[in-house]
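S.K.: Guided by the hints, dock chain B onto chain A, whose structure is given.
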Amino acid sequence: GQSLEQPSEVTAVEGAIVQINCTYQTSGFYGLSWYQQHDGGAPTFLSYNALDGLEETGRFSSFLSRSDSYGYLLLQELQMKDSASYFCAVRDWTAGNKLTFGGGTRVLVKP
Amino acid sequence: EAQVTQNPRYLITVTGKKLTVTCSQNMNHEYMSWYRQDPGLGLRQIYYSMNVEVTDKGDVPEGYKVSRKEKRNFPLILESPSPNQTSLYFCASSLRGAYGYTFGSGTRLTVV
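Going down the list, the protein sequences come from chains A and B.
Numbering-wise (this note's numbering), the first sequence opens with residue 1 and increments by one.
Numbering-wise (this note's numbering), the second sequence opens with residue 112 and increments by one.
This is chain A alone, in the form it adopts within the complex (with noise of 0.2 Å):
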């Protein structure tokens, strides 16, 4: 089966940096993306990782190490509309398409 943690609450200032962390269980790994959420809204796709690296798209980052099963979203110069949630996702090659979702880490901006 398939399993993620990432930590359940994060909370910054503006302009400030900040790091979701998730770390993955799955039979076969076929890459990690990042969704955000804001309340009341629907997730929308931020980037992927298929391989070990940092994916850079402007403030965002995201990062895999397939040997340690772990990735992270990195969130730079926070703005106030950064506050939502932040679910990574793995996708497990060995049970077709299923796509599987973390908890979620909800992120707080403060002024």
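Simulated from the structure, these hints should not be mistaken for lab results.
Quick caveat, the model's predicted, so the values are computed rather than measured.
Misleading hints may appear alongside valid ones.
Rough simulated footprint, nothing fancy, chain A against chain B, three-plus residues with beta-carbon under 8 Å [stated by the list, open to error]:
no., region
1, 125-131
2, 159-171
3, 209-217
Every residue gets a Cβ at the ideal spot worked out from N, C-alpha and C, and that includes glycine.
M.R.: Frame of chain A; chain B shown alone:
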């Protein structure tokens, strides 16, 4: 505009009354999925589909049915809804399946 459209947005129904939540995407995506979201439990996959007439169970398929007769549509059917199916439901689609899912706006279902 590229999008996933779910209907209805809100639904209150009674136990045992069959219902269907529709989902349609206009991006020619092959992969489609249904998720339910409950407080503290994150997003849990109900069913997914890799193409027309190809569907498979996710983590919580009990009490649900799906069909994929056309590429764009992936309805979720609750034959006999029960109160434990009260939840927020999302339909999503993707071109590649591993990532890049586009989600619908969600359907908040209450079963009384």
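S.K.: Taking the hints in turn, state whether each one holds.
M.R.: Now for the hints, and whether the structure bears them out:
1. 125-131: Contact hint for the region 125-131 of chain B vs chain A: violated, 0 residues under 8 Å.
2. 159-171: holds (count 5)
3. 209-217: holds (count 9)
When the structure is compared with the earlier hints, a violation turns up for hint 1 alone.
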